[in-house]
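Student: Sequence:
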Amino acid sequence: MKILITGAAGFIGFHLVRALLERGDEVVGIDNINDYYDVNLKYSRLEVTGIQKESIAENTPVKSIKYRNYTFIKQDITDLTNLDLLFNSRKFDTVVNLAAQAGVRYSLENPHAYIQANIVGFTNILECCRHNKIKHLVYASSSSVYGNNTKMPLSTSDSVDHPISLYAATKKSNELMAHTYSHLFGLPTTGLRFFTVYGPYGRPDMALFLFTRAILAGKPIQVFNRGEMKRDFTYVDDIVKGIIKVVDHQPVPNPDNTGDPSVSKTAPYKIYNIGNSSPVRLMDFIEAIESKLGIQAKKELLPMQPGDVPMTWADTSDLERDLGYRPNTSIQEGVGKFVKWYLNNYELGITN
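Numbering (my numbering), first residue to last: 1 to 352.
No wet-lab data here; the hints were simulated from the structure.
Because the structure is a prediction, the values reported are computed rather than measured.
Here a beta-carbon is modelled for each residue, glycine too, at the ideal position from N, C-alpha and C.
Be careful, since some hints might not be right.
With a Cα cut of at most 20 Å, we get these calculated DMTMM-like pairs of lysine to aspartate or glutamate [stated by the list, open to error]:
id	residue 1	residue 2
1	Lys135	Asp84
2	Lys245	Glu290
3	Lys63	Glu47
4	Lys340	Glu290
5	Lys265	Glu333
6	Lys133	Asp93
7	Lys66	Glu54
8	Lys66	Glu47
9	Lys292	Glu333
10	Lys241	Asp322
Pair ranges (Cβ atoms, derived) [to be verified]:
id	residue 1	residue 2	range
11	Ser317	Asn40	35 to 45 Å
12	Ser89	Glu290	29 to 39 Å
13	Thr150	Asp260	13 to 23 Å
14	Asp248	Ile295	38 to 48 Å
15	Lys265	Gly50	30 to 40 Å
16	Ser330	Asn69	27 to 37 Å
17	Asn132	Leu108	29 to 39 Å
18	Gly336	Ala217	14 to 24 Å
Please construct the entire structure, taking both the sequences and the accompanying hints into account.
Tutor: Quick look at the structure:
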């Protein structure tokens, strides 16, 4: 297939690009390489895929020196003019939209960034997919849409009408917008609610990266909710395998649906959770990092942060039923792989 990946220099996007190239797909990746976190990490990801930093220019295609079937373009999904030109010229089969303004806590500080990237940008993606007859749009949602839901595990059949951060609200909005385009224009769309993704080349603002860096530096780590919250930590390779399963599986209307909001009676629309289905207490997660580093962490125990939730736990039964897939990487294995990557790379300056 010819596939467009937005957010291709991002954490999940980078890993997805590599996996698709290695199975033989033709991939075009776009990313605006913004400075929400260190751009050197983003450039280092691109270099792994054969994209040389010095060859990157705004809205200019760059061919990979490693993969003959990969082209990268520095481009912003909020720029409708250039996005439309890209779609018209490339004739994609499938689009995977991973470009977004990420981070729950940052949405309290800079809400306009979320409206631009996650609402305006996603509208542009929908419009380009509609007018260019894209066969399948797969897009990143988030487990944050579940808000303070207390019924566990969190199921795609549950109501998600009460987000508790603007980030979550934009992701819920994406799901509603996608359903509208699926219903009105027959655009097949699949939304993926990711659960706490971690692994090599991960974002520096996420817990695993922050904890590892602080522990190695002998600095205290901030442990919110005094370490008693639980998260369904999901290793990035498991996320990527799930995305690829979904890319190859177009949704269809389900006329027998009796109220499940993750499917539609009339539209080619579906929502899946992708999570490890095994919530881990934050303090146990920290202990796994300490074990792999061989260093005891200094801990600053703090209350819950605004926008955080006490627990996430993915019900992936429909993913297993429809696609025969379930993530299964253990915390010990996944944290070990991250720590090994970090120790091999952080002194090079790409993650400082």
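Student: Hints first: check each against the structure and report whether it holds.
Tutor: Hints, verified against the model:
The straight-line distance between the Cα atoms of Lys135 and Asp84 is roughly 17 Å, inside the 20 Å bound, and the hint therefore holds. Proximity of Lys245 to Glu290 is assessed by CA-CA distance (about 34 Å); at most 20 Å being required, the pair is judged violated. Only pairs whose Cα atoms come within 20 Å are accepted, and Lys63 paired with Glu47 is accepted, the gap being roughly 12 Å. The hinted pair formed by Lys340 and Glu290 meets the criterion: a straight-line CA distance of about 13 Å does not exceed 20 Å.
A hinted pair counts as satisfied when its Cα atoms are at most 20 Å apart, and Lys265 with Glu333 does not qualify at roughly 41 Å. For a cut-off of 20 Å, the pair hint linking Lys133 to Asp93 stands: about 8 Å separates their Cα positions. Note on Lys66 and Glu54: the hinted pairing holds, with a Cα-Cα distance of about 16 Å set against a maximum of 20 Å. For the hint linking Lys66 to Glu47, the alpha-carbon distance of about 9 Å falls within 20 Å, and the restraint holds.
A C-alpha spacing of about 10 Å is found between Lys292 and Glu333, which places the hinted pair at or below 20 Å, so the restraint holds. For the suggested pair Lys241 and Asp322, the alpha carbons sit about 14 Å apart, so the restraint of at most 20 Å is met. Restraint check, Ser317 to Asn40: a C-beta distance of roughly 41 Å satisfies the suggested window 35 to 45 Å. Range check, Ser89 to Glu290: Cβ separation about 51 Å, and the 29 to 39 Å hint is violated.
At roughly 20 Å, the beta carbons of Thr150 and Asp260 sit within the given window of 13 to 23 Å. For the hinted restraint 38 to 48 Å between Asp248 and Ile295, the CB-CB distance of approximately 42 Å keeps it satisfied. For the pair Lys265 and Gly50, the supplied restraint of 30 to 40 Å is violated, since their beta-carbon distance comes to about 45 Å. Checking the proposed 27 to 37 Å range against Ser330 and Asn69 shows it holds: the Cβ atoms sit about 33 Å from each other.
Evaluation of the 29 to 39 Å hint for Asn132 and Leu108 yields a pass: the beta carbon distance comes to about 36 Å. Between Gly336 and Ala217, the C-beta spacing of about 20 Å keeps the proposed range 14 to 24 Å intact.
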